[in-house]
Amino acid sequence: MNKITRILLSLTVLLGLFFLPTLGVAKDDQTVKDEETATEGETSKEEETSKEEEKPEDKDTQEEEKPKEDEKPKEDNPQGEKPEEDKPKEEKPKEEKPKEVKKPKKKVKKKNPQKMVYLTFDDGPNQYTPKILDTLKKKKVKATFFMIEGNIKRNPKTVNRMVKEGHYPALHSVTHDKYKLYMGSPLNVMREMEKTRKTLKSVSKFDSKLTRVPYGSKPYMNKSFRDPLAQKGYKMWDWNIDTLDWKYERSNPNQILTNVKAGLKGKKGPFIILFHDRKGTAEKLPEIIDYLKKNGYTIEAYNPKEHVMMNFWKDKRL
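Numbered per mature numbering (1 follows the signal peptide of the UniProt record, and there is no 0), the sequence shown spans residues -26 to -1, 1 to 292.
By construction, these hints were calculated from the structure, which means they are not laboratory data. Incorrect hints may appear among the rest.
Have a look at the derived ranges for each label pair, beta carbon to beta carbon [to be verified]: (1) K197 with K169: 17 to 25 Å; (2) D151 with K253: 20 to 28 Å; (3) K235 with K175: 31 to 39 Å; (4) N196 with R128: 27 to 35 Å; (5) D201 with N277: 22 to 30 Å; (6) M157 with K206: 17 to 25 Å; (7) N269 with Q205: 37 to 45 Å; (8) D201 with E257: 37 to 45 Å; (9) K239 with T149: 34 to 42 Å; (10) K175 with E280: 21 to 29 Å; (11) Q88 with G158: 37 to 45 Å.
BS3-like, lysine-lysine: derived pairs with alpha carbons at most 27 Å apart [to be verified]: (12) K138 with K253; (13) K138 with K127; (14) K279 with K172; (15) K221 with K242; (16) K85 with K114; (17) K242 with K267; (18) K288 with K116; (19) K131 with K183; (20) K169 with K138; (21) K114 with K235; (22) K111 with K138; (23) K288 with K152; (24) K116 with K235; (25) K116 with K239; (26) K197 with K172; (27) K268 with K111; (28) K85 with K138; (29) K111 with K183; (30) K152 with K221; (31) K242 with K85; (32) K253 with K114.
Every residue gets a Cβ at the ideal spot worked out from N, C-alpha and C, and that includes glycine.
Construct the entire structure; sequences and hints are all you get.
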């Protein structure tokens, strides 16, 4: 081997020793970088994959936790029966509507005017009126009360009880004085009835147009006195049975019932019986009512819709 060849070999060896470590390190660094990049890529892919896998799992979990409301748990069907949906629907027979049976109308008993009785009480209300009301309530009977204007003012509770319990409040003047009523202007009676009416209305909110003039309409209530009442729309009641209780209520209360029986005997109604708010009358009233009911009489209070004309003058306007 010549000298030049040996020199070239030596140079080659030296160059190899110099460059080989550098190339190896570079190669190793590049490899590390590539491996790290690859590792990072795989890690990110695995994370993405795991996230994607976790999402449906969460949904599935939520769906499992919230069972559908429409879905019902399947029941075992050991006999192999068809589910209800597959079964043919059985047609229900048409139900025939029952024919409406018309209820028989209740027969309203026709009032027999010949057996009608109206109990009327004058000059109250006073200390005896509550006892009269107690008896009427117990016997389930209604009555008509002709009241003095001053007594209405003094006994508002009794008046309101009277109205509340279904009795008819009526008018009986202010003064109850025949001289003041009949010896002056023909307007006097109408004016006193107007004042009494307004007082009654203010106390009880009841507007009454039924009057009874003190001492009866004959002989005092001639046409000149009756005309103003009729023009104002008032009605006027007298009576056809006078019990004279004002005369006998202390000395002989039994005579009150006797007078009632005598007034009914052999006569046809309607009957308007005159009483007063007196002690003896209040005590005898239960016996009188029992007698009337036992003998088939119907007892009622005045009804303006079924007005009965009862005045001594037979004035149809009143």
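message: Tell me the numbers of any earlier hints that the structure contravenes, in ascending order.
response: Violated: none.
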